[in-house]
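First to last, the sequence lines map onto chains A and B. With the working numbering applied, the first sequence has no gaps in its numbers, which climb one by one up to 251 at the end. With the working numbering applied, the second sequence has no gaps in its numbers, which climb one by one up to 95 at the end.
These are calculated hints, taken from the structure and not from any lab test. Computed from a predicted structure; not experimentally measured. Wrong hints could be hidden among the right ones.
Unchecked claim - Derived DSBU-like pairs: lysine-lysine, alpha-carbon spacing no greater than 35 Å straight-line:
| # | chain 1 | residue 1 | chain 2 | residue 2 |
| --- | --- | --- | --- | --- |
| 1 | A | K79 | B | K69 |
| 2 | B | K28 | A | K67 |
| 3 | A | K58 | A | K39 |
| 4 | B | K69 | A | K246 |
| 5 | B | K69 | A | K51 |
Listed below are the residues making up each chain.
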Amino acid sequence: MNNSLALLEVNGFCASISAVDALLKNSSVEIDLEEIKNGNVLLKLKGNIPQIKYALNLAIESINKISSVVNFTVLENLNPSIEKEFFNKTKKHRPVINKPEIKSEEKLITPQKEELPEKKSEKVKVKKVKNTAVKKLSKPKEEIQSSETSDINLSTIERLRLEALGKKIAAEKKTEASKPKAVSSYVVKKLSDLDGLNVHKLRRVARDFEEFPIKGRQISIANRDELMVYFKQILPE
Amino acid sequence: MLKHSLGIIETNSLSSAFEIAHLMVDKFEVTLSNVRQLLNGYTTVFIKGELGAVQQAIDFGAGHCTEKNSLVAKSVIAVPHQDLFNFIEGEKDE
Numbered sequence: 015m016n017n018s019l020a021l022l023e024v025n026g027f028c029a030s031i032s033a034v035d036a037l038l039k040n041s042s043v044e045i046d047l048e049e050i051k052n053g054n055v056l057l058k059l060k061g062n063i064p065q066i067k068y069a070l071n072l073a074i075e076s077i078n079k080i081s082s083v084v085n086f087t088v089l090e091n092l093n094p095s096i097e098k099e100f101f102n103k104t105k106k107h108r109p110v111i112n113k114p115e116i117k118s119e120e121k122l123i124t125p126q127k128e129e130l131p132e133k134k135s136e137k138v139k140v141k142k143v144k145n146t147a148v149k150k151l152s153k154p155k156e157e158i159q160s161s162e163t164s165d166i167n168l169s170t171i172e173r174l175r176l177e178a179l180g181k182k183i184a185a186e187k188k189t190e191a192s193k194p195k196a197v198s199s200y201v202v203k204k205l206s207d208l209d210g211l212n213v214h215k216l217r218r219v220a221r222d223f224e225e226f227p228i229k230g231r232q233i234s235i236a237n238r239d240e241l242m243v244y245f246k247q248i249l250p251e
Numbered sequence: 002m003l004k005h006s007l008g009i010i011e012t013n014s015l016s017s018a019f020e021i022a023h024l025m026v027d028k029f030e031v032t033l034s035n036v037r038q039l040l041n042g043y044t045t046v047f048i049k050g051e052l053g054a055v056q057q058a059i060d061f062g063a064g065h066c067t068e069k070n071s072l073v074a075k076s077v078i079a080v081p082h083q084d085l086f087n088f089i090e091g092e093k094d095e
């Protein structure tokens, strides 16, 4: 029956923090802390009645060492509806904006761009540099290969090719795995599916269509009306 | 463990809080953990460091504040509870 609430008004933040520390260490009540407009701090303790009374005495004792208690009350058997109003109301839940999907797309594009020049440079180096240098280059990669393939007789160039292919396959897998997610969030087969979507979502849907008339930067510039015209060309009603 | 003792000092105004925070961090081996202002202007400075250093810093800060009649309260917590920092931070703008 953790449905009792004690309210304790303290003069100053310093005293309230030291009281909270004492309560955290020595009691098992839920604690909430709220600033009031005249510079006092309101401590709210929640638990069953004996716990709360013990905690109140503890808190008042520790507060009186530093500052002063303005007022305190104990509310027993609180109605749940009032409980929701008073307790933990200070923690505001910020609205979560749907940004992660955009981020995932950006992450997908960037690593591919970074990987490609590395592969090219590796290949060029292998062709130019003599065997001794090739061995040095291939040393760290042998560790990866030992887990995947056990063929020791393969030449270094073949190994590099295999690695490059393996990387490409992995990259393709990534893109394949990610695309369906993006599509699955907005399944659009008819024009009527587009009604509820805003411009950003429309653009995202447009990018997912392969046969969409305009592409890339043009989609991000186009406004809602332009996009709807293009969608009408593609989609059945 | 002793490196994370917490010292709290509460002053009348923002300016005196700045002043003692500067002096304390300058003269003692403590770091500024947080500063919070209540709605009537009371400003609380939190410092972290080794217990002895924190105690000395708080004593110095309190002495400096009482000269100007700006001290509201002070305290030192030797081994603060881990959850205590959730209460100190409050709502931070990310």
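### Query
Taking only the CA atoms, is the gap from K28 (chain B) to K67 (chain A) under or equal to 35 Å?
Violated: K28 (chain B) and K67 (chain A) sit about 43 Å apart, past 35 Å.
#### Entry: Agreement of K69 (chain B) and K51 (chain A) with the hint, judged by alpha carbon distance not exceeding 35 Å
Judged against 35 Å, a Cα distance of about 25 Å means the pair holds.
### Restraint status (C-alpha distance of K69 (chain B) to K246 (chain A) at most 35 Å)
Violated: K69 (chain B) and K246 (chain A) sit about 75 Å apart, past 35 Å.
### Task
Would you mind confirming whether the straight-line C-alpha gap from K58 (chain A) to K39 (chain A) stays at or under 35 Å?
It holds: about 16 Å lies between the C-alpha atoms, which stays within 35 Å.
### Task
For the pair we were handed, K79 (chain A) and K69 (chain B), check the Cα-Cα distance against 35 Å.
Holds, at roughly 22 Å.
When the structure is compared with the earlier hints, violations turn up for hints 2, 4 and for no others.
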